Every structure is written in structure tokens, then in C-alpha cells.
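Student: Sequence:
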Amino acid sequence: MYGFAVIGLALLPLAAYAACDINEKMIDAVKSGKVVTAKASWWGFDPEDSTGALQAAIDSGAKRVIVDNLGKPWIVRPIKLASDQEVVFEPGGEVLAKPDEFKGTNDCLFKARNAKNITLTGRARLRMRRADYAKPPYEKGEWRHVLSFCSCSNVRVEGLTLAESGGDGVYLGTATKGVTNKDITIKDVICDSNYRQGISVITAENLLIENTIMRNTAGTNPQSGIDFEPNGPTECLKNIVMRNCRTENNAGQGYQFYLNFMDATSEPVSVRFENCVSANEAGSSAWVSTGNEPKQAVSGKIEFVDCVFEGAASAAASVGHVPPGGCRVRFENCRMRPAQGAVAPIVIRSGARDTRAVGGVEFVNCVVPDRPGRKPLVYTNGGKVPLQGVSGTLIVESDGARQKVELAPELLNEWTAAGGAK
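In this text, residue positions in the sequence shown follow my numbering: the first is 1, and each later residue adds one.
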């Protein structure tokens, strides 16, 4: 009798992890519309592969799907999201990419194309297998994202940890040319140890990213916390706000803009950062690049307000190729302190293909704590073009002294040796 009791107790944990039976009664209630909130486990649970159950729950038409925390991960192959649905991941749960799957270079953990009204929420972890995708038999690629939304509208992602993708934690791209992602909110999210980016924004309008951390990106370039990089002139970065966010320990930049595929026909860029932090990046904290020629340079404004940039190996702020009449870049009340080995806290860049003056940057009361002997701002002039349109004030702290300096042309010429600064 005692022997049977011991065996029974020993088997209890295994029973908790066993495949769940399908609940036909509740599935029928969902189909009839009597039940609008469904548990994914009603369609079963297999600890080896629960793709069928989870996909069936999402495809059921339920307005709300709860992904139960059953004590073991939901191991799945690529999942397609549905419009007009909220997916709630129970606290402490995990959805995990199945090993030896995701062989396609565009296979994502969760994907939505031309979809609308999607909410993903919960204090849970969505994780892939980054290390596996970087070696055979996997074909090299950078698009195995945790979450991929292409030409979608009214999307909310909240509370989740998105980790170890073979691409980005979140990707906002295009499924239909000319159709951007619109009305997107990413809040209280952690993007950790992704392969290419924490977040990639290819095209978006009315995007809010709030209280979100993007860290430990490494694998393939750009390897940044977040990268704004439209693939063509018809894509847009319009009415975007990042608030109370943090990037840290990324192998590339913290906040990156590569706008060289936009041009003068593109909609003006409008992106604002409020109270954001970048710490200990291998590149720069804030990095911007645009086209330089009249037909190639996008217009608009990128502004950083009350932000802190610390410990970057390259620069706190690096702005390249922007013509004075192009996309205005503005830093207001920011603190800029790169690593001791950085060439300067602020770097402005021109390249060999640039034919027009470079500048278009404004600093308003930005604090630059720095070591003695290092210039607060330098101009790397690979294009041999003038520096123009750099203005504002810096508060330079060095060796116990604090000095407010106006970025007049004479001072810029002294710091940069560019000559002809205006």
C-alpha cells in the first residue's frame, strides 16, 4: 500500500506535464459564439509540439485567447496571428520555438500580415533559439523574428519578453506596398539577446514605444537596440514617440536611423524620444544617417529630449551626411557621456559620396561631462565638404569646471578644423 502511494506521488509532476485532452464541449461553445474567451489548452497541449493546439485556438474566432501556463513551455513551429483578437499569455508562461524547425529564413515565431486589431499581452516569455540559427543546417538569415507585423493596424504588444530570435524581437515591415503599420503600441516589453535588432521599424505611422528595454543584441549587423530603416521612399516614419525606454549592451548602436533609402519624395520623418537612456553600446548611443544629395535627402525632424547617453564606445551622438536643409536632428536637455576611449561625445560625419554641406544638428542645453583635453564635438570629413547648420548650446563639464558654450561658427572651426562652418 505504501509502495503504491509513493509511486503515485512521484508521477504527479509528470502528469501535470502530460498532453492535455481536447475539450470538445468548450470548443463547440466557442464555435457557436456562446463563449468569446477561450483557453488554448482546450485544443490540447503536447509538451513536444503544441503548434496545432495553439494555432487552432487562434483560428477559432475567439475574441480572447488565453495561453495557459501549464508548467512547461508551449513548443511551437511558426504561428500565424489573427485579426480582431487579444492573446493573453499567463504570467510566468513561455512559448518556445521548436528545435530543428524554423528552417525558412523568414520563419517567425508569431507573424501577422495585412491584419488589424491584434493585442498580445502578459508577463510571459516568447523565445526562439538564436544560437541554432547561426550554424548549419540553417541557412544564414536575419529575418527569423519573434514578432513580425507587416502592413498591420491597431496592434498592441504589452508586458512580454521577446528573446533570442534569429532576427528581431519586433519587426514592423511591409506586406503590401504603400500600406504602412498604423496605430501601434509597444509597452513594458523587454527585447533581450536578439540576433539583428531589439526592434526594427521599416514603416510605421502613429507608433508609441513606452517603458521598453532593448538589450544584448548581437549576431548580424546592425546589432542595435532599435533601428529605423525604411527599405524605400514610399515607406514612412510618421508620428513616432519613444518614451521612458532603455537600450543597453548592444553590439551596434542604441537608437539607430538609417534613412538612406528614403528620399526627397518621402513623407517627412517625425520621431521624438522622451526620457530615454542608452548605456554601454559597442557603437554610438544615438546614430543617424540620411542621403545627402537634393533628391536623396529626406526631410522632417528627429528629436531627443531629456535623454541620457552613457558609456558608448563610439560616441554619445553621431550624425552623418545630413544636409542643413534635410531632416533636422535636435537634442534638448540631454546628457552625453561616452566611454573614455571614444573619439568625442559628439561626432558629425561626411562621406566620400557627399557633395553638399553636412550639418543640420541643433543642441539645446545638452550636458557633456568629459575628460580634459578631449573636444566635445568633432567632424570626420570624408567628403571634404563644409560643416553647416550646427547650432545651439552645450554645457561642458570637465575637471570640476562647468562651462556653457555657444556653438558659434568660430568655435566649431576651432574644434573641428573643418573651416567655413556656418
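Among the hints, erroneous ones may be present.
Stated by the list, open to error - Below, simulated SDA-like cross-link-like pairs (lysine to any residue); rule was C-alpha separation at most 25 Å, straight line: (1) K98 <-> A163; (2) K34 <-> D49; (3) K404 <-> N365; (4) K135 <-> S153.
As the list claims (entries may be wrong) - Ranges of calculated distance between the beta carbons of each label pair, as one might list FRET restraints: (5) K116 <-> P233: 46 to 52 Å; (6) P137 <-> N114: 46 to 52 Å; (7) D100 <-> D28: 32 to 38 Å; (8) N280 <-> E86: 43 to 49 Å; (9) E332 <-> D399: 33 to 39 Å; (10) D46 <-> K103: 18 to 24 Å; (11) D46 <-> N275: 50 to 56 Å; (12) V241 <-> D46: 37 to 43 Å; (13) P372 <-> D100: 23 to 29 Å; (14) E397 <-> E274: 19 to 25 Å; (15) R156 <-> K34: 45 to 51 Å; (16) E397 <-> K135: 45 to 51 Å; (17) E90 <-> T393: 46 to 52 Å.
Hint data in this document are derived by calculation from the structure and do not stem from the laboratory. None of the values given here were measured: they were computed from a predicted structure. Here a beta-carbon is modelled for each residue, glycine too, at the ideal position from N, C-alpha and C.
Student: Take the hints in turn and mark each one as holding or not.
Tutor: Hints versus structure:
1. The straight-line distance between the Cα atoms of K98 and A163 is roughly 14 Å, inside the 25 Å bound, and the hint therefore holds.
2. For the proposed pair K34 and D49, the alpha carbon gap of about 29 Å is over 25 Å, so the pair is violated.
3. As the CA atoms of K404 and N365 are separated by approximately 8 Å, the hinted pair is consistent with the 25 Å bound.
4. Distance check on the hinted pair: K135 and S153 sit about 35 Å apart at the alpha-carbon level, beyond 25 Å; violated.
5. Look at K116 against P233: about 25 Å separates their beta carbons, and that is not inside 46 to 52 Å.
6. For the hinted restraint 46 to 52 Å between P137 and N114, the CB-CB distance of approximately 32 Å leaves it violated.
7. A beta carbon spacing of about 35 Å between D100 and D28 agrees with the range 32 to 38 Å that was offered as a hint.
8. In this structure, N280 and E86 break the distance hint of 43 to 49 Å, their C-beta atoms being roughly 36 Å apart.
9. The hinted range of 33 to 39 Å is not satisfied by E332 and D399, whose Cβ atoms lie roughly 26 Å apart.
10. For D46 paired with K103, a C-beta distance near 20 Å keeps the hint of 18 to 24 Å intact.
11. Between D46 and N275, the C-beta spacing of about 45 Å breaks the proposed range 50 to 56 Å.
12. Restraint check, V241 to D46: a C-beta distance of roughly 42 Å satisfies the suggested window 37 to 43 Å.
13. Taking 23 to 29 Å as the suggested C-beta distance range, the pair P372 and D100 does not conform, at roughly 57 Å.
14. Under the hint 19 to 25 Å, the C-beta atoms of E397 and E274, about 23 Å apart, fit the expected range.
15. For R156 and K34, the Cβ-Cβ distance of about 26 Å falls outside the hinted range of 45 to 51 Å, so the restraint is violated.
16. Range check, E397 to K135: about 47 Å between beta-carbon atoms, so the 45 to 51 Å window is met.
17. The given range of 46 to 52 Å is respected by E90 and T393, whose C-beta atoms sit roughly 51 Å from each other.
In the structure shown, a violation is registered for the earlier hints numbered 2, 4, 5, 6, 8, 9, 11, 13, 15, in ascending order.
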